[in-house]
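There are 2 protein chains.
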Amino acid sequence: MKNINEYLQENRQKLLDELFDLLKIPSVSADPVYAEDVINTANFIKNQLEKIGLDNVSIEKTPGYPIVYAEKIIDEKLPTVLIYGHYDVQPVDPVELWHSDPFKPVIKKTDIHPEGAIFARGSSDDKGQMFMHVKAVEYLLKNDSLPVNVKFMIEGEEEVGSPSLSWYVKRNHEKLKNDVIIISDTGMVANDVPAITTGLRGLSFVEVTVTGPKRDLHSGLYGGAVGNPINILTKMIAQLTDENNHITIPGFYDKVKDLSPEERVEIAKTPFDLENYKKALDVTDVYGEKGYTTLERQSIRPTLDVNGIWGGYTGEGAKTIIPSKAHAKISMRLVPDQDPEEIPGMFEAYFKSIAPKAVKVEVKNLHGGYPYVTPTNHIGYKAAAKAMHKAFGKDPLPIYSGGSIPIVPLFEKELGTKSILMGFGLDSDAIHSPNEHYGVFNYFKGIETLSYFYDYYKNEFTQ
Amino acid sequence: MKNINEYLQENRQKLLDELFDLLKIPSVSADPVYAEDVINTANFIKNQLEKIGLDNVSIEKTPGYPIVYAEKIIDEKLPTVLIYGHYDVQPVDPVELWHSDPFKPVIKKTDIHPEGAIFARGSSDDKGQMFMHVKAVEYLLKNDSLPVNVKFMIEGEEEVGSPSLSWYVKRNHEKLKNDVIIISDTGMVANDVPAITTGLRGLSFVEVTVTGPKRDLHSGLYGGAVGNPINILTKMIAQLTDENNHITIPGFYDKVKDLSPEERVEIAKTPFDLENYKKALDVTDVYGEKGYTTLERQSIRPTLDVNGIWGGYTGEGAKTIIPSKAHAKISMRLVPDQDPEEIPGMFEAYFKSIAPKAVKVEVKNLHGGYPYVTPTNHIGYKAAAKAMHKAFGKDPLPIYSGGSIPIVPLFEKELGTKSILMGFGLDSDAIHSPNEHYGVFNYFKGIETLSYFYDYYKNEFTQ
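In the order they appear, the protein sequences are chains A and B. Position 224 of the first sequence, counted from 1, bears residue number 223 in numbering that gives the first Met the number 0, the numbering being contiguous throughout. Position 289 of the second sequence, counted from 1, bears residue number 288 in numbering that gives the first Met the number 0, the numbering being contiguous throughout.
Isolated chain A, as found in the complex (with noise of 0.2 Å):
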């Protein structure tokens, strides 16, 4: 059997054109335009599961984008791992931030990936670590050297909220029926500093409308007179957190559970430097909630971030009007035990009672998913941990993320498993931003690193 590294370093270029393949393809779930482009990568990773030797491959359909699914089944007594990824990505804008086309891969070296990365939409989240997977299990079967079972379930929604997944997920509980589920679609905390995400934050995203007069009027007549709905929509919006940066909706914290203080200690180990994340981000200084640190704040503590705002005349010059509308998009991240069903409900109802009845507001819940945690002694941890440690060289750290993947807690819902997120990126990847890119060297990595996971994950089940 020959060496994942030798054969990495053979096929190298290969497996590097395979993925440009792959982000060459708009698959923006977020935009009806790409529609026909969505469709087609999840063509794509359907030829690259057949292509790779597993069985049933299929396009299944759902309620919107297809899910591909596969599987190989080597023995029924032995553990099935499933492995959950996506195929859709982020919209682009602002694509003029963008040094390179977002759907042209390109190679370029940077100050963190001095052997280069690889800048595209997707390539990062998850299309490059989605298929370090795909490309894992190629190399254990041609092998002949794959020890359990596994089976493939590839989305192409998660960028929109995995609408159809759950859907799925609950009309095939036999079908999907697995021992652990392994995800590559979080970080490390750098690429000498290996880690494993054991916590996630939740997610309620609404948008909200104001409306004013019914129409738009010209703010000398009426200014001053009538309830401007940008002026009124500013004032909600700052009601919405305190001068302490706490969130003021009645309700929103009672499930929150408190910190101990070894939590404390055990989150303050992860290695930070305040002064380089400003730096990166250039800011003078960090801003959130009082009392707790910045890795506190963007892991453990529940947030809310307006995520886009528009109304009124937003073009060149002047234009002194009253707009009839302004609308905003607000996300709230939400920690062991909030509630992603409760939450909308007590931002709804805060959000009506502090406006003026000079306005109308309407507040639409988007989509949402729970908090989770994985715990460090669960079997599928100790075994992605050993593996971490043979490609590495250390032990990983497990880490809270601030970011959300809805569909985990759904998983042990329906599923009744676990996930171990074990993912390569880093901070530094520009994810949902422009210039987004993965380095070369996690992309090999990962590989490596997925390859020893089954080996170890079998020893741990049969002990």
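Don't read these hints as lab results, they were simulated from the structure. A portion of the hints provided could be inaccurate.
Remember, identical chains collapse to one label, so a pair may be satisfied in a single copy or spanning two.
Said to hold, decoys possible - Within a straight-line C-alpha distance of at most 25 Å, the following computed DSS-like cross-link-like pairs (lysine-lysine) qualify: (1) 213 to 103; (2) 351 to 213; (3) 359 to 278; (4) 289 to 356; (5) 277 to 351; (6) 277 to 359; (7) 213 to 289; (8) 289 to 359; (9) 277 to 356; (10) 278 to 213; (11) 457 to 71; (12) 356 to 278.
Based on these hints, arrange chain B on the given structure of chain A.
Coordinates of chain B only, in the frame set by chain A:
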């Protein structure tokens, strides 16, 4: 000599057709896409002024769009009336809210205009009103009955703050010499309640940009820990007014004259029905500075309105980013004796003082204008009031307008003469909004009234 009303009756269709031709040219001065159309509109006006028999008609070059000048000097010893108007129009967005093409004028009946109103961008502001002057003088010239000298000065940058007009006026004191200026760019109370605007608010218009991290960030990974420029911008804007909707900028009210009880009684005489006002705007309640009536709030009290706001993801669905930048356009209406040269500095100092260190703040001063008052004992006012009485059968009301025509105080400063604001529009004309329209009644009544003005003015002048 043919009676004006017989003349208007006979030439009704021709007078409408000519105005329609003018309205068809999309002279949006704020958007460079329409640059050629703006120039074409200047040429259209020039041709009209030549055709009706004026002298020295010329397209006057400026650093921006040209000014159209023309004159008819009957006798150097007679008084001279300068007519000001503008041939540019506001942008049309949101264009999807128009029920007909903004640049294909159509006549439709409305509740307020059973005789029909002309729907087109610029129909009321200001092409329709400016063109009445051309047509009134045409009538007087055709009948050889123009009793005084006239000069026309029609500009193409009013909707972007008249940046070139002061440049031009300062260089042409002699050419523009006059005894009174008449302008129709304001409104009446109703079609049976004629009015002359004796007070105008001034304006300061600024654009602010708040910059947080140097690139858009994933709101899961960074949310709660960095300054989100939208959250912060909303907090900053919210702090510009207090809970009584009083503006909080230090120094802002220092030069505002207190209203005397007599003035408040005078203002309260203007016919106004709060229930109809709310119904017309489809709002449950009005909104404004505590302690003042709606009529006061929209005319003689200063204001602060956000005219546009934008930042982050504003497309379909959810995108969980913290944007790098957020922007707003903010206008302040000023009253005597506030100074538009001072206000933007006060705004900037205060706005920057309330910004947290986590963001950078930029304030651009876009344009401004002084507030203005015309006394009702001015002979130009008296002549205009008599002309209105003859046309409408009743005296006009002297009214304050909340709008700003920054060039009016400029004319007083540079040319030493007062402007008489005899406008024929209505609040319901939806100027600066979708579906702008101008009553057919108002168009013809305006031509009629203006044709009476010159004799009355000559009489007042020579008394």
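Verification of the supplied hints:
1. Taking the shortest alpha-carbon separations for residue 213 and residue 103, only the inter-copy value of 24 Å comes in at or below 25 Å, while the best intra-copy value is 45 Å.
2. Proximity of residue 351 to residue 213 under the C-alpha cut-off of 25 Å is restricted to the intra-copy arrangement: shortest distance 19 Å within a copy versus 34 Å between copies.
3. In the homo-oligomer, the alpha carbons of residue 359 and residue 278 lie at most 25 Å apart only across protomers (14 Å), although the nearest pairing inside one protomer, at 42 Å, exceeds that limit.
4. Taking the shortest alpha-carbon separations for residue 289 and residue 356, only the inter-copy value of 15 Å comes in at or below 25 Å, while the best intra-copy value is 33 Å.
5. Proximity of residue 277 to residue 351 under the C-alpha cut-off of 25 Å is restricted to the inter-copy arrangement: shortest distance 21 Å between copies versus 36 Å within a copy.
6. When the C-alpha separation of residue 277 and residue 359 is checked against a cutoff of 25 Å, the pair qualifies only between copies, where the shortest distance is 13 Å, while the shortest distance within a copy is 40 Å.
7. Proximity of residue 213 to residue 289 under the C-alpha cut-off of 25 Å is restricted to the inter-copy arrangement: shortest distance 23 Å between copies versus 40 Å within a copy.
8. Taking CA atoms no more than 25 Å apart as the test, residue 289 paired with residue 359 passes between copies only; the shortest distance there is 21 Å, against 33 Å inside one copy.
9. In this assembly of identical chains, the alpha carbons of residue 277 and residue 356 lie at most 25 Å apart only when taken from different copies (12 Å versus 42 Å within one copy).
10. Proximity of residue 278 to residue 213 under the C-alpha cut-off of 25 Å is restricted to the inter-copy arrangement: shortest distance 10 Å between copies versus 46 Å within a copy.
11. Taking identical chains as interchangeable, the C-alpha atoms of residue 457 and residue 71 lie at most 25 Å apart only when both belong to the same chain, with a minimum of 15 Å there against 100 Å between chains.
12. Proximity of residue 356 to residue 278 under the C-alpha cut-off of 25 Å is restricted to the inter-copy arrangement: shortest distance 14 Å between copies versus 45 Å within a copy.
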